[in-house]
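Chains as they are written, first to last, in my numbering: chain A, 815 to 1165; chain B, 815 to 1165; chain C, 334 to 685; chain D, 334 to 685.
To be clear, the hints were calculated from the coordinates, so they are not data collected in a lab.
Among the clues, some could well be false.
[Stated by the list, open to error] 25 angstroms max Cα-Cα, derived DSS-like pairs, lysine-lysine: (1) A:K1092 / B:K1019; (2) A:K1119 / B:K1119; (3) A:K1092 / A:K1119; (4) B:K1092 / A:K1119; (5) A:K1119 / C:K663; (6) A:K1019 / A:K837; (7) B:K1119 / B:K1092; (8) D:K663 / A:K837; (9) B:K837 / C:K597; (10) B:K837 / B:K1019; (11) B:K1119 / D:K597.
[Unchecked claim] Covered stretches of chain B, going by a simulated chain C footprint (3 or more residues, C-beta under 8 angstroms): (12) 888-899; (13) 1103-1117.
Beta carbons: idealized from backbone N, C-alpha and C, even for Gly.
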Amino acid sequence: MTAAKAKAVEAGAAGHGAEPRGKRTEDGQATYLIAIAEALWEEMERDERVYLLGEDIGDYGGAFKVTEGFLDRFGPDRVVDTPIAEETIVGMSVGSAMEGLRPVAEFQYADFMSSGFDEITTVLSRYHYRSGVPLPVVLRGPSGGGVRASSFHSINPEPWFAHAGGIKVLCPAFPADAKGLLKSAVRDDNPVLFLEHKWIYRRIKEQVPEEPDFLIPIGQANVRREGDDVTIVTYGAMVHKALEAADALAQRDVSTEVVDLRTVYPLDEETVLRSIEKTSRAVVLSESYRFVGIGAEVSAVIAEKAFEHLDAPVVRVSPPNLPVPFSPTLEDAFLPQVSDIEAAVERLSAW
Amino acid sequence: MTAAKAKAVEAGAAGHGAEPRGKRTEDGQATYLIAIAEALWEEMERDERVYLLGEDIGDYGGAFKVTEGFLDRFGPDRVVDTPIAEETIVGMSVGSAMEGLRPVAEFQYADFMSSGFDEITTVLSRYHYRSGVPLPVVLRGPSGGGVRASSFHSINPEPWFAHAGGIKVLCPAFPADAKGLLKSAVRDDNPVLFLEHKWIYRRIKEQVPEEPDFLIPIGQANVRREGDDVTIVTYGAMVHKALEAADALAQRDVSTEVVDLRTVYPLDEETVLRSIEKTSRAVVLSESYRFVGIGAEVSAVIAEKAFEHLDAPVVRVSPPNLPVPFSPTLEDAFLPQVSDIEAAVERLSAW
Amino acid sequence: MATDVKKSAPAGDRPLPDERLTEFLYLLKLARYFDERMEALYRQGRLPGAIYSGRGQEGTHVGVASALEEQDSLFPTHRDLTAQLTKGLDLKRVMAQFWGRIDGYTRGRDGNSHIGDWAGNRTFTVMSHLPIAYPVAVGAAWAYQRRGDRRVAMAICGDGATSNGRWHESLNWSAVFRLPVVWVVNNNGFAYSTPNDREFAVPTIAERAASYGMPGVRVDGGDVLEVYQAAREAVDRARDGGGPSLIESVSLRWRGHAGHDPAKYTPEQLLEEFMANRDPVRNFEEYLLAQGVVTKEDVDEIQARVERAFDEGYEYALASPFPEPGDATKGNWVEDGYWTSEPGRGGGTEAG
Amino acid sequence: MATDVKKSAPAGDRPLPDERLTEFLYLLKLARYFDERMEALYRQGRLPGAIYSGRGQEGTHVGVASALEEQDSLFPTHRDLTAQLTKGLDLKRVMAQFWGRIDGYTRGRDGNSHIGDWAGNRTFTVMSHLPIAYPVAVGAAWAYQRRGDRRVAMAICGDGATSNGRWHESLNWSAVFRLPVVWVVNNNGFAYSTPNDREFAVPTIAERAASYGMPGVRVDGGDVLEVYQAAREAVDRARDGGGPSLIESVSLRWRGHAGHDPAKYTPEQLLEEFMANRDPVRNFEEYLLAQGVVTKEDVDEIQARVERAFDEGYEYALASPFPEPGDATKGNWVEDGYWTSEPGRGGGTEAG
Ligand SMILES: Cc1ncc(C[n+]2csc(CCOP(=O)(O)OP(=O)(O)O)c2C)c(N)n1
Ligand SMILES: Cc1ncc(C[n+]2csc(CCOP(=O)(O)OP(=O)(O)O)c2C)c(N)n1
Ligand SMILES: [Mg+2]
Ligand SMILES: [Mg+2]
């Protein structure tokens, strides 16, 4: 990509969805953004109980243009622009789900999920366990940093919501996984939080199935790259950094396995543990904060259940628990970089 | 305690603070509840910038009677009854701290911190890093279960707030620690979350120092019981269960060390690691949820930094990420019991 | 606060068939008796958990909930058990809930008035956080509107809860979408120990309706018929597409916030005035007697029915087993089938 | 929406000394020029991050912030940079912030209008979440009241932010405590793409003041003096212990929500009408010329000052180094001293 193009894309990724969502390429490749839109479109075509709500998702098509064109096709009863009231966006979702609808609520940024936190963690997450009433609610929104969007447009909230316990949490890294998981989420009878990493939106393209029933099961990790020496367990945008690091490491004869969790809650412990049994070394990589983060959980699981197989410490690579800084020098220092990942893997492979 | 007495105390612990706060015994012993009240009283006497705000803390003295008598002594300018608006309780604390005051906000239950979550994690936690403005704010409230108070009066929110990154999080287990840590919290120039386990309030008594400058430093764990075979790392009410288990285990010649974290963020890794170096075996015990909980972090730290010394897996004992159930049979099954702790320790000591 | 409401004498010609009126009386007396007996058991240490007395507010609760049809939904708070009973909860199962038993509506997972029966009678399972069910009522009402269901959602909260942001978001949103919802505020004078004037700086909550673009009315919670008529009007308007309404029903919380609270902060004279002149149960009983709708004997018979119902509920509750410990982790995900199968009943009856 | 506000002709005899009026003009023209130049740089890909144009709303921003004294505090949102400049932010450091440089007010930690300078001029460092600074303003105002400081807090948010619960909590709380605070709503007709009538179902936001028990007024954001006078009144009242007020200042957001947004949803005719008749900058310039407060030459001179200031700011910003990567983890806890010591300046000027 030329620098100019990069800038444009970066702007796009930072939420400046001026450009339309775009289309599949001739040969059927779709961006993550397109794949997500297709998942929503297909599920709305399939089941008229499914509807969308969120801020500026109708005529405007959403801050990132995910729902561009949806209003024309599905009408204002199924594509609902809402006031800036996140607690009530969640409450509206819960109440309508109790009455048999299947809401998919967009948060303009995942950062603003904190503004609906109480309805998410107190009502949505706990209601079924106490009442037996199913709540087929999907909450979705753009998360993650690396796009120079600073503290309030870069958060990775999955640790907070995975801790809540009553909500499945999905963090796909690839267009096909995003499409298949989102379709599964809409069909799931439980609450699901679907986080779309905005760095990926327009950057990653691949072949994406078009069968209306193409689904990726919730709760299944995926070994993205096979390797023998060290396992990197990760998810979201960091999967791409891990693969980049693995390529570089291969040059230096370090064989790295990359496990993409895809679903962070419930966690696919089995796939993770199977990989560690093979490599005996684990780097746990996340873009979410280190302290009490998803990486802490994965490390704890490995330390408890794969202890016999470990030949080296379980190393976490993750950012400090600080606001995501704006300045490029700071954000680059803050986020795990490919070189950090390589260093961690090499340290373990040398153990 | 007689069964009747137990019931009464349990009611008290469940927030039914009918009984007055009570006084020290002749020989100077104080309950956790009294110790906390003393800390607030002394700090308010010491520094007139310190003030209290919260629901029903004035004339009524607070749901648990922590602030009983404070209104008479310090007046309505320093003991402020607030509307039921947790976002604004936090905002009020932040704004007044920016203007040089030192607010201590009571949440009627720590459960309702989720209702102020956005102001806590977005404003309070992130403001200093972005602006350099100190925010000497203490948020305090009763947390924890085991008192038959069910889902909305039993939560342990420390993992959520420890993850936020800009707030120190304290969870004392003993009256003296509670007093010394709360006094340190009020004197700290950073935001501090102080969680008072309601099961402990009226149950645990001990000698508590009366020197006005008695402080327990934030960020220091404490080895509550020395042992050689297995380390239990824990905090809050579970410390008492751990000590009970350790006594029982001693009968069976298992020597258990109990590390009381006291502060969960920032974590005193050094004290934890020193203990593991000695025992080579770790049980990580928490009342907060297992998945992405404080226990996950402690396990991850041990797995990464004490790997060389470990002779056995790092085992977590903690409840599932579910609403705390009301029925005694369910709550007892939900919460870690002494027998669960003994079993985990024995499993490791036999490793 | 409340005293400024003039007591409107009940309408001469009766607004409802006598059976309905007699049913109101039964519910009012049931609520009162239940409240008194449960408090006694609580004081004796024979009732676990908490109780939030609705005494003095029975007119509000019976009045608003009686305006709903079976298919309408109710979103109450901790204080509104009487409204839930009016909407159709079974007292036996309610009491099993209080004692943490498997036959309670939450299968022992929650206690006291944290109860509901969505499938059975469209009552939302109460949560503590205030007023956390208000935004949920928005969603139910929106579903009715979208499907043209001619159904109505009603949410209740207290005077103190109106200070919370969720209250505003919900009223505002419901007005923007003209949703079929009725917002009820049970103004019982206090939020725990906090009087109205420390919660808001306007004389009434009802007047806030205008700032959302909806009708608002303030009624006397001591007069179940006045409450009922206002609620009926609001429910009918909502059903006919007229959008949301706000009802402030004024009474006094006769007892403490919860069982433990002596409520020393309640001005004695105020309490006496309310108990003497604005007792919704006695007022309505006298009205029905005066109207000749019931005789003294009928009233005694109703009271007897009430006490039988309570005693049966109590027996039923204590005979119901506690949940099985092994079930504690079930029923979080729909797919495990816990809620669609018979629960384990092996928890015994003596636990705790 | 906004069009129903009649344009009130500026007062014949001038409400302020000519220097103040000339200063208003400078600020208005600076805001307009800054807004246009920054947008151009953004389009050329020469400006990182985001820009939230305040064009068309300069009258609101200069008017309300000018009513504050130095010791008063301002709690703005993303859209209110002009108000922050009016309160005293240094354009040079503002621009360094936009380019992520160490000399920006947040030392490169945040970008665009997420800015403030508490120690310097009592402006709160803006956060995105709406309207998250409102509750914080409550706290500052409470501190002034408690100390008898005769200081005032002012918070600004947009029309859309009024739908959020925090808005209600803050207004209600401030009324209960009669706090010295002025609540400003910059009603620019849209919340991103959402028009007023999808955010609330009442004709004006100002009328909501009554439901909190405070005065509310709606003014024409196209007339900086009308805004100033209303703000001045509210600030004086607050300072004198008269409690909070609400000011709704009506204008139109001339540009998109942020730099990327073509704002196709804005009705062309509405935009034309506002640009033609309700341009706060041109209107005020013409007024000052008509009043003989300034001459054509003065205006050109002011414009030249504005352009100089911008060019100096731009140069200063690009010459300022990026923060040192190693400092990324500093300044979270007060005790590490990062904020009380000179920051590292070793980040170079070419990063990103
Ligand atoms: C968000 C939140 N904060 C605090 C509480 C604790 N609390 C429970 S009831 C209550 C008082 C409620 O007063 P009101 O709304 O008037 O209802 P009432 O109890 O009088 O019926 C409080 C503060 C809560 N349940 N939720
Ligand atoms: C709680 C919250 N939800 C969503 C957003 C995303 N967002 C940023 S600005 C904006 C529109 C704000 O409209 P308005 O309040 O009218 O202010 P304006 O931008 O028009 O000045 C939205 C929805 C946010 N910042 N905060
Ligand atoms: Mg009340
Ligand atoms: Mg606006």
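- Does the structure keep B:K1119 and B:K1092 at a Cα separation of 25 angstroms or less? 14 angstroms, holds
- Query: Keeping to a limit of 25 angstroms between CA atoms, is the pair of B:K1119 and D:K597 held or broken?
  - Reply: This hinted pair is violated, its Cα atoms lying about 56 angstroms apart.
- Message: With the threshold set at 25 angstroms, check whether the alpha-carbon distance from D:K663 to A:K837 stays at or below it.
- Response: 44 angstroms, violated
- Are B:K837 and B:K1019 close enough, with their CA atoms no more than 25 angstroms apart? 11 angstroms, holds
- Message: Hinted pair, alpha-carbon criterion (25 angstroms max): A:K1119, C:K663. Please report holds or violated.
- Response: At roughly 23 angstroms apart (the allowed maximum being 25 angstroms), C:K663 and A:K1119 satisfy the hint.
- Task: Given that the stretch 1103-1117 of chain B was listed as covered by chain C, double-check it with a C-beta distance under 8 angstroms for 3 or more residues.
- Result: Violated - the stretch 1103-1117 of chain B has 0 residues with a Cβ nearer than 8 angstroms to chain C, which falls short of three.
- Query: Given the hint that B:K837 pairs with C:K597, does the C-alpha gap stay at or below 25 angstroms?
  - Reply: 21 angstroms, holds
- Given the hint that B:K1092 pairs with A:K1119, test it: the Cα-Cα distance must not exceed 25 angstroms. 22 angstroms, holds
- Query: Can the restraint linking A:K1119 and B:K1119 be considered satisfied, given a maximum Cα separation of 25 angstroms?
  - Reply: Cα-Cα ~18 angstroms, so holds.
- Query: Taking only the CA atoms, is the gap from A:K1092 to B:K1019 under or equal to 25 angstroms?
  - Reply: Since the Cα atoms of A:K1092 and B:K1019 sit roughly 52 angstroms apart, the hinted pair is violated (cutoff 25 angstroms).
- Query: Is A:K1019 within 25 angstroms of A:K837, Cα to Cα?
  - Reply: Holds, at roughly 11 angstroms.
- Between A:K1092 and A:K1119, does the CA-CA distance stay at or below 25 angstroms? Holds. A:K1092 to A:K1119 sits at ~14 angstroms (cutoff 25 angstroms).
Hint compliance for this structure: hints 1, 8, 11, 13 are not met, and every other hint is.
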